[in-house]
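A.B. asks: Kindly generate the complete structure, drawing on both the sequences and the hints.
Here the sequence shown is numbered in my numbering, starting from 1 and rising by one per residue.
A portion of the hints provided could be inaccurate.
Said to hold, decoys possible - Quick list of in silico lysine-lysine cross-link-like pairs, DSSO-like style, CA-CA up to 27 Å:
1. 221 - 14
2. 442 - 512
3. 152 - 228
4. 512 - 228
5. 442 - 521
6. 228 - 14
Claimed, not checked - Derived Cβ-Cβ restraints for the label pairs, each shown as a range:
7. 762 - 601: 28 to 36 Å
8. 431 - 457: 25 to 33 Å
9. 650 - 719: 28 to 36 Å
10. 356 - 763: 54 to 62 Å
11. 623 - 575: 44 to 52 Å
12. 763 - 634: 28 to 36 Å
13. 594 - 762: 37 to 45 Å
14. 457 - 367: 26 to 34 Å
15. 332 - 305: 39 to 47 Å
16. 337 - 305: 45 to 53 Å
17. 757 - 582: 53 to 61 Å
18. 93 - 216: 32 to 40 Å
These are calculated hints, taken from the structure and not from any lab test.
Treat the numbers as computed from the prediction; the structure is a model and nothing was measured.
Here a beta-carbon is modelled for each residue, glycine too, at the ideal position from N, C-alpha and C.
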Amino acid sequence: MTSTNALPFPYSVKRHGTTLANCDVEPVSTPGCIQSHGMLLVAHPVALIVTQVSDNCAQWIACGVDEVLGKPLATILGEAATQRISALIAGQTLEGNPTYISTLRVAGMPDDAEALDISVHLAGGLLIVELEPTGREHLGSVSERDYYSRVKTTMARLRASPTLATFCQAIAEELRTTTGLDRAMVYRFHADDSGEVVADAHAPDLHSWFGLRFPASDFPKPAREIFKRIGVRPLPDARGALCELVPLLDPASGAPLDMTYCALRGASVMYTEYLNNMGVAATLTMPLMRDGALWGLIICHHYTATVMPYHQRAAAEFIGQVASLEIDSVEARENVQYQHRIDEVHHSVMAHAAVRSDMVALIEASDTPERSDLLDGIEADGVALLHRDQWLMLGQTPSVPQLRLLAVWVRQQLLRDGRDRYLVASDALGSLFAPAASYADKASGLLAIAMSRSSQGELLLWFRSEQKQVFNWSGNPYDKPMGTGPHGAHLTPRRSFDLWQEEVRGSAQPWKQVEIDAALKLRQWIADMVITRAERLDQINVDLTRSNDELDAFAYVAGHDLKEPLRGIYKNAYHIKEELSAGNGLGEAHGERLDLMMRLTLRMDNLLDALLNVARIGRVGLDYEEVDLAAVVTEALEMLGSRLTDGALEVRVPRAMPQMTCDRARVREVFANLISNALKYNDKPHPWIEIGYLDADGVVPQVFYVRDNGIGIESRHRERVFQIFKRLHPRDAFGGGAGAGLAIVRKLVEQHHGRIWFDAQPGVGSTFYFTLEEDAVAASGVGHE
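C.D. replies: What follows is the structure in structure tokens.
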């Protein structure tokens, strides 16, 4: 309500309704009048003494205004009805909640008068009592139970509606059947507060209003605000007289009566003239609410004045409330099939991009019926991808120079409010970004997602072409006629409702919420794919680095270790040949040279075997099975044969080894190499080796170890010992060898997704620890190579 300084005060729509020049300032909640087909009383909710009354009270109870004001409510309604009202007031259920009390005959009513329906509610600290004829004669044989059955049938039909269009039409048809009025419509508000008839059920002799649009001024803001708060608005006679409250202001507070929730609330003169111009004599209107906002209205028209009894209105109000609750559900039902189709398409596109391991594949057109592309998902005329500063397009899109400018604007929108926003959507791009007006035929609608808000980040944009729309208005929406009344010029409702067509350009079909949600979901999938790809590249780089290190080691072996015995063989063979060429026979020295050549040949053979073994590990997959590690350790010890029985070696296994899923042969080789190393590098008179595992204590994976009391290892050699052919001692010390054993062990452990490390103290001993990760597929009982 606007300030009282802008309006005649105390205000009465009966006296002042024709003086207003702006509908938006009319105090529709405090009209100071009621419709003449009923009577209204106002009382203090504690004392229950009448403080205001409508000036037509004598028509209903044969008592004048002066005889009613100041009287106890019980003298008018009777003790039973008054006691029930008191109980409801005490229960705090009447605030803004009109409640039916009873149907009765009050004192002073004419003998032939129809009984009155009594309803009450609280507003602004006052008790408001409304009295209306029951309308039983008008309803004939219709009972309250008939309305209950009617509402049950309506609810079942609404909940079975598969689309929003069928849902709205069902509302209109059911309301017309329930009320018996000439027309019932569902009217939906647009973003600019104009509205459109989206469903119409009417008498056979009436033409359809389906698709007609009405300007925002036809439902001024004060009226829209009231409909957010009430459940039903009856107006049984638009041409009926108005009756003022006496006094117009509350005697105690001096304030006008808030009649927002009154069924008898007097209607705006502007509204009744508007209805008269349309030829409508009676209306019944229910709001359709969604998420606290006014989504639309259910509007019923009748072309003669009629009776709208309380129970009929209650049934219509209940249908409107059920419809409000069901709007979300029916739109969800309508969208679910579309959503599933979009998801299937996006899954197909993502699968193709994942196989190609390239974001560019997202924008490739489908070349087979089995594969979808992005234009098969979200309904659009074109799509473009910005990737690594290159534009890739599919379908109908702006040009590359136009896209570059558009990308700058999109990023500005993403950064505009400083929050994490990754989507821009518009169905009238040219109105927001002026350069887009030149290519409205290709891109009036834009739906854009960004992988990041970086100025170099990827963008994915869908486009919809301009949709030239012809709006069918009920009369010219821009015509605002003025009239002259007793107080000068004032705004009057338009008189023409003939079809008036308007062509609207520069806009596209609006993006649905399901499409916006699907775009954001696709963004997340793309981000996950990029992250997965980055992780895969990281692993490839790690593997490549390791492969390069191994190649470097191989090059070192080929250039040094393998050439060294070859040079020795060549040198000794050359000397023998020189001696033979000189005619000298082979003596003892030559035999020593031949022995050395044989030893060098064996060393070279061992080096080549070690190289081949290391190379083989990387190429052959693992054969997982359930393995008893106790048996594996026994087999590893048996492989070393007599080397374990020579001397006084003690082998300790503190407790039984566990079972796990692994490659039996490879794990046996791990244990055999570690045991062999522990045996080889031991100079103690009483050597021992311990094989076991650590207590898990919730730690996963299990840690195994091989411990000895040998020569130990200096900490500075923690990495060197695992490098191929990197010996820490002279070639022939501790029995010689190629120096590949621990390198092989590390590769075998890493093949099991484990790791290996050691703790050692020179002269005291070493402990090598390692883990083995169970393969997820193998652990479930499915083997693989």
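A.B. asks: Any hints this thing doesn't respect? Which numbers, in order?
C.D. replies: Violated: none.
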